[in-house]
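Going by our numbering, the letters in the sequence shown line up with residues 59 to 153, in that order.
Since the hints were derived computationally from the structure, they do not count as laboratory data.
Among the hints, a few may not be true.
[Said to hold, decoys possible] Simulated DEER-style distance windows between Cβ atoms:
hint, residue 1, residue 2, range
1, Arg60, Tyr103, 40 to 50 angstroms
2, Leu124, Arg65, 38 to 48 angstroms
3, Leu76, Arg149, 15 to 25 angstroms
4, Trp143, Gly106, 11 to 21 angstroms
Glycine residues also receive a C-beta, built at the ideal position from the N, C-alpha and C atoms.
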Amino acid sequence: MRRGSLRAAYIRLKAERLEALMRWREFLPAIVKALAEVLGDRPVYVFGSVVKSEITADSDVDVAVLVEEVPRSALRRVALLDRIWSAMERRGVPH
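Full structure from sequences and hints, please.
And the structure:
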């Protein structure tokens with residue numbers, strides 16, 4: 059691929075990402091349902107640049123979930139995150 063083609067592809071990907079981020083509120087119910095599926099009914103908070111309407115193509119959607127206890131083992135934390143990501147993907151949440 060030529061340098062110009064790579065640059066155009068990069069810009070296109072960034073534009074698509076920004077477009078999806080601008081629609082973060084549309085995905086919030088699916089995110090909350092996915093979290094509830096894995097963690098049970100827990101308080102969920104969104105914070106950061108999306109809440110402040112300071113979104114860039116490099117932004118993400120910061121989500122905090124209050125839980126009783128965080129798994130001590132890194133392996134269990136990763137497995138929990140994998141279950142959450144899988145539940146969100148099943149609901150069409152982009153990443």
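Hints, verified against the model:
Restraint check, arginine 60 to tyrosine 103: a C-beta distance of roughly 45 angstroms satisfies the suggested window 40 to 50 angstroms. Separated by about 43 angstroms at the C-beta atoms, leucine 124 and arginine 65 satisfy the suggested range of 38 to 48 angstroms. Taking the beta carbon of each, leucine 76 and arginine 149 are about 21 angstroms apart, inside 15 to 25 angstroms as hinted. One distance hint, 11 to 21 angstroms for the beta-carbon pair tryptophan 143 and glycine 106, holds here, with the actual separation near 19 angstroms.
Of the numbered hints given earlier, the model fails none.
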